[in-house]
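There are 2 protein chains.
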Amino acid sequence: MRLIGLDPGLRNTGWGVIEMDGHALRHIADGTVHSDGDAPIATRLVQLYDGVLELIERWNPSEAAVEETFVNRNPESTLKLGLARGVVLLAPAKAGLLVSEYAPKRVKKSVVGTGSASKEQVQAMIATLLPGARIAGADAADALAVAVCHAHFIQARGAYGIEAGLATRKSAAGSNIQPGLQRAIAAALAREAGGAGS
Amino acid sequence: MRLIGLDPGLRNTGWGVIEMDGHALRHIADGTVHSDGDAPIATRLVQLYDGVLELIERWNPSEAAVEETFVNRNPESTLKLGLARGVVLLAPAKAGLLVSEYAPKRVKKSVVGTGSASKEQVQAMIATLLPGARIAGADAADALAVAVCHAHFIQARGAYGIEAGLATRKSAAGSNIQPGLQRAIAAALAREAGGAGS
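Protein chains in written order, with my numbering: chain A, 162 to 359; chain B, 162 to 359.
Here chain A stands alone, though its shape is the one from the complex:
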């Protein structure tokens, strides 16, 4: 199963594609979609949207995972992140992919084993989990991390026999998973993350 991870930003949107074969993960490709800072905002959004759609067409992933945008203290920055995230969530959904979102803490916990991991720890662990990958940069590494987090989630879901239909992932619209199921998934994820870090 092939997954694409996306880390939205108006100037640079990181992306990473991995292949999941049971518990084995393999790096396929990664990079960054840029938008031209001098162009009008609508043009920049078209650049991001078309860029992400091209990646999906080229790498043919079956699911997408998007990092939940950090809510900045500066409203202007928050709004710009929102613009980019809107378009980056839209593109895979329009391409018919299931789109999941993960908070940065959850990504860190899943990849490194702790929600307070540093950026460097995440990058080091990504290099360990995806050996041989030459990663394009920090945004691409973050995108690979959210793809790995989603892979762990799918593996946990499989290991605990939770049906895909029930295990609706938390979206920005709020989680609609039953609390008991949510705890089971969280426990599975924690074990999974622990296993990945050992």
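Do not rely on the hints blindly, as some may be mistaken.
The list cannot tell twin chains apart, which means a pair is met if one copy fits it or any two copies do.
Subject to a maximum C-alpha distance of 25 angstroms in a straight line, what follows is the list of computed SDA-like cross-link-like pairs (lysine to any residue) [unchecked claim]: (1) Lys280 / Arg234; (2) Lys266 / Lys280; (3) Lys255 / Val207; (4) Lys255 / Leu214.
Simulated from the structure, these hints should not be mistaken for lab results.
Given the structure of chain A, go ahead and fit chain B onto it with the hints provided.
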């Protein structure tokens, strides 16, 4: 020349289409594109995007004007507005329309004659400027107001012999009109707005 105005919101995006024939403006249609509050965020963005694209296909405007989102104090609300605005700016740009943005104060000044006009004053003036229109609600009225503001801008541009290519409208990426030209446009707009209000 037909124009579509858009007032982005994640739950409700107002829209309004007007026809501009020289200095005469005519109401064509208005309404609201809704997204389902219970759906995942990516699905809601698809609903908004498809809804706006359908309107463009149906009413065939040649330019779009989008209200610049109010930057809220609450980061969560700002981010949600950003998501919706990203998608609402993207749709007309993908359809090949020129997309302009106007700040709420500029819309009020253009429609009522003062940037501090109340919502009620804007709605009353829209009803006067577009006689016979039965307007669908507050979001649709705001969208018609931004369309009227854009029409005033185009009329001012025409009246002062400013070529379309030069009069690049202010986008969120910043204005790239020369200061002298900008003042000429502002003066023309002020006269235009004064004329509309008398």
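Verification of the hints:
1. For a Cα distance limit of 25 angstroms, the shortest separation of Lys280 from Arg234 inside one copy, 20 angstroms, qualifies, whereas the shortest one across copies, 29 angstroms, does not.
2. For the homomeric pair Lys266 and Lys280, the shortest alpha-carbon distance inside one copy (11 angstroms) is at most 25 angstroms, but the shortest distance between copies (41 angstroms) is not.
3. Both within a single protomer and between protomers do Lys255 and Val207 lie at most 25 angstroms apart by alpha-carbon distance, with minima of 14 angstroms and 7 angstroms respectively.
4. In the homo-oligomer, the alpha carbons of Lys255 and Leu214 lie at most 25 angstroms apart both inside one protomer (9 angstroms) and across protomers (13 angstroms), since each shortest distance falls under that limit.
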